[in-house]
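A.B. asks: The listed protein sequences derive, respectively, from chains A and B. Going by numbering that gives the first Met the number 0, the first sequence opens with residue 0, and the numbers climb by one from there. Going by numbering that gives the first Met the number 0, the second sequence opens with residue 0, and the numbers climb by one from there.
There may be inaccurate statements among the hints.
Pairs of lysine-lysine residues, derived as DSS-like cross-links and limited to a Cα-Cα distance of at most 25 angstroms, are as follows [as the list claims (entries may be wrong)]:
1. LYS118(B) / LYS137(B)
2. LYS39(A) / LYS331(B)
3. LYS39(A) / LYS259(B)
4. LYS295(B) / LYS305(B)
5. LYS177(A) / LYS137(B)
Facing chain A, according to a computed beta carbon distance under 7 angstroms, are these residues of chain B, among others [claimed, not checked]:
6. ILE109
7. TYR130
8. ILE131
9. ASP230
10. TRP232
11. ASP233
12. ARG240
13. PRO241
Only some residues are given here: those of chain A computed to face chain B with a beta carbon under 8 angstroms [as the list claims (entries may be wrong)]:
14. GLU13
15. PRO30
16. SER109
17. PHE110
18. GLN154
19. GLU155
20. PRO158
21. ASN161
22. ARG162
23. PRO163
In short, the hints are calculated from the structure, not lab data. All C-beta atoms in this analysis are idealised placements derived from N, C-alpha and C, irrespective of residue type, glycine included.
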Amino acid sequence: MNESAWDGTLSASEFSASAQAFAEKWKLNNPAYPPWTWVKSLEVPIFATNQQVEEGYLSLENVCIVKSNDDEVASCVEGEASLYDKEDEESTDSATLPYYFDFHIIYSASFRVPVLYFRAYCSDGRSLGLNEIESVLPANSAKVLLESKWTFITQEEHPYLNRPWCKLHPCGSSDWMKLLFQAVEKVDRPAMELYLVSWFSVVGPVIGLGIPIQMLKEP
Amino acid sequence: MKEAQEFVWMGAIPLQIHLHESEVTTVPPPPPALILAPRIGYLPLLLPLIKPYFSSTLPPGVDTVWFEYKGLPLKWYIPTGVLFDLLCAEPERPWNLTIHFRGYPSHLLIPCEGEDSVKWNFINSLKEADYIINGNCKNVMHMSQSDQLELWNSVVNANLEAFIRSSSKLKSGTIEDDYASKSSLSSQKSQKMIGEADTSVQTKTGKVPVRLYVWNVSEDFGDMEDAPPIDSWDRISYVNRPLEIHREEGKCFTLHDAIKTLLPELFGKKRKPKGEGNISQPLETGSTADDDPEIKLLRIQGIEPKLETPISWVANHLRHPENFLHVCVYIKVPSAKSL
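Just chain A, with the same shape it has in the complex (with noise of 0.2 angstroms):
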């Protein structure tokens, strides 16, 4: 694009395009999981009549979480939970019954990153709080969470809907990104409908999602 080296940022329209590409790779690879669906951001509701709104985020919504004994965070379908032998679960404290998790990527226009919004909740909508989310995500993660200056979840408003969701902080993700494509893909400029699939493997894990490695493979 130009002649400078890539800042690790992307444009709006890229994250666009990038959005269309994650969730059919993600449908294709990944068929255990809802697929990830475009949600047209109606930011003023006279905004519903315009056509051309190209702003949007990926939205999953849904995912069932529960915390099994050896620390790792297995993620099901919601309805799926079945799987997960009755007995089980009630023999287990409270930290192992499902939590769901709605997750929404957003486009940053100031950071020009995405940045990850989720929230929490118990099977009959109670609300989880912080520190309820960060005992259920992977001990891993906590303790990156905790060292890491790089990402960092803090309760923040939700860009559109106008309720308290949490974020996982976007100041940084321009410099990791840029350092994943040289190091993973040896070019100084990715192909951007890949941002976000290299994005997700890094930010995924932290909330207890993973990604299949054949999403990373280029079709």
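Guided by the hints, dock chain B onto chain A, whose structure is given.
C.D. replies: Same frame as chain A, now just chain B:
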């Protein structure tokens, strides 16, 4: 420039704060607290001034303070002056607010644990503005903890002198410094500001941090007093996008241009730019502008600047301490917007 900064920093809103009736345990109920709140400050910071009025009448329990205006819980991280400009179409003096010490609406408002939460939010906004202006957060990240604290305290106390001293340590994080001393560095992006302005919004990235609060008013109203009250935050559109300034020879990028650039969904591309320079009045209601939204009201720091004002002047003179320009705008969109 200094005068404008003083104007902004000295701006204050007289508040009359009533304790919510459900939390009054004494008869007669306590009188409301009268507080002068700095425009550039935040409501939770006023708590030390307010609490003494009500502490003897509160029910037992832990304080979880929140404010409300006519039933609308107030977002504590929006500067006080911005809340006032947005929610009071017809300025109410004093501004009557209700304070709650119990029953925090955590399904609606993010938690506020006192001054630290507000400070954290301020520093993050400062970083975001830094990133928008410079393409990185280095200026803020390299500030020592004590310098950051000094900067924050100058905001808490609305002390401009202290702020100027502290922000000099931000090392050209401000818009005008870039222009004054670094125009040689931004060779690729330097475009002289034509017309007006001894000060230019010359930033490394060519972008200005702006936060827009848009209220689509569906019914027409002549008098501000008739403006319908805002009963839910869902009715306000919050647009947090950097403003990219497009400079053209001989033309001035105005406040009006800025609003249109920030809201492309409203001010669509269907209008051909024939002589953009002569858009010097608010949108006319004839000819091609029939479908365009009408800006009913635009407020920044309590004033209503003319739409033809150069955006560079507005951004440099009316921004908040965290370097964001907060703009409240009431827009009326024609009901049948065809494409």
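A.B. asks: Now tell me if each hint is right for this structure.
C.D. replies: The hints, checked one at a time:
Between LYS118(B) and LYS137(B) the alpha-carbon distance is near 19 angstroms, which keeps this suggested pair within the 25 angstroms criterion. With a CA separation close to 22 angstroms, the supplied pair LYS39(A) and LYS331(B) stays within the 25 angstroms bound. Note on LYS39(A) and LYS259(B): the hinted pairing holds, with a Cα-Cα distance of about 21 angstroms set against a maximum of 25 angstroms. Using a Cα cut-off of 25 angstroms, the hinted pair LYS295(B) and LYS305(B) holds, with the two alpha carbons roughly 12 angstroms apart.
For a cut-off of 25 angstroms, the pair hint linking LYS177(A) to LYS137(B) stands: about 17 angstroms separates their Cα positions. A distance limit of 7 angstroms between C-beta atoms decides the matter here; for ILE109(B) the minimum to chain A is near 4 angstroms, and the interface restraint holds. Against a cut-off of 7 angstroms between C-beta atoms, the interface hint on TYR130(B) holds, since the closest Cβ of chain A lies about 6 angstroms away. For ILE131(B), the interface hint holds, the least distance from its beta-carbon to any beta-carbon of chain A being 5 angstroms, beneath 7 angstroms.
The interface hint given for ASP230(B) is violated, since its Cβ lies 13 angstroms from the closest Cβ of chain A, which is over the 7 angstroms cut-off. Residue-level restraint check for TRP232(B) holds (minimum Cβ-Cβ distance to chain A is 5 angstroms; threshold 7 angstroms). A distance limit of 7 angstroms between C-beta atoms decides the matter here; for ASP233(B) the minimum to chain A is near 6 angstroms, and the interface restraint holds. The beta carbon of ARG240(B) comes within 4 angstroms of a beta carbon in chain A, closer than 7 angstroms, and the hint placing it at the interface holds.
Against a cut-off of 7 angstroms between C-beta atoms, the interface hint on PRO241(B) holds, since the closest Cβ of chain A lies about 6 angstroms away. About 16 angstroms separates the beta-carbon of GLU13(A) from the nearest beta-carbon of chain B, more than 8 angstroms, and the hint is not met. Against a cut-off of 8 angstroms between C-beta atoms, the interface hint on PRO30(A) is violated, since the closest Cβ of chain B lies about 34 angstroms away. Taken as an interface hint, SER109(A) checks out: its beta carbon lies about 5 angstroms from the nearest beta carbon of chain B, inside 8 angstroms.
The interface hint given for PHE110(A) holds, since its Cβ lies 6 angstroms from the closest Cβ of chain B, which is under the 8 angstroms cut-off. A hinted interface residue such as GLN154(A) counts as satisfied when its beta carbon comes closer than 8 angstroms to some beta carbon of chain B; here the least separation is about 5 angstroms, so the hint holds. A distance limit of 8 angstroms between C-beta atoms decides the matter here; for GLU155(A) the minimum to chain B is near 6 angstroms, and the interface restraint holds. Contact between PRO158(A) and chain B, as hinted, is supported at the beta carbon level, the nearest pair being about 7 angstroms apart and thus within 8 angstroms.
Given hint, ASN161(A) at the interface with chain B, holds; its Cβ is 5 angstroms from that chain's nearest Cβ, closer than 8 angstroms. Interface restraint check for ARG162(A): the shortest CB-CB distance to chain B comes to about 7 angstroms, inside 8 angstroms, so the restraint holds. A cut of 8 angstroms between beta carbons decides the hint on PRO163(A): the least distance to chain B is about 4 angstroms, and the hint holds.
The structure does not agree with the numbered hints 9, 14 and 15 stated previously, though it agrees with the rest.
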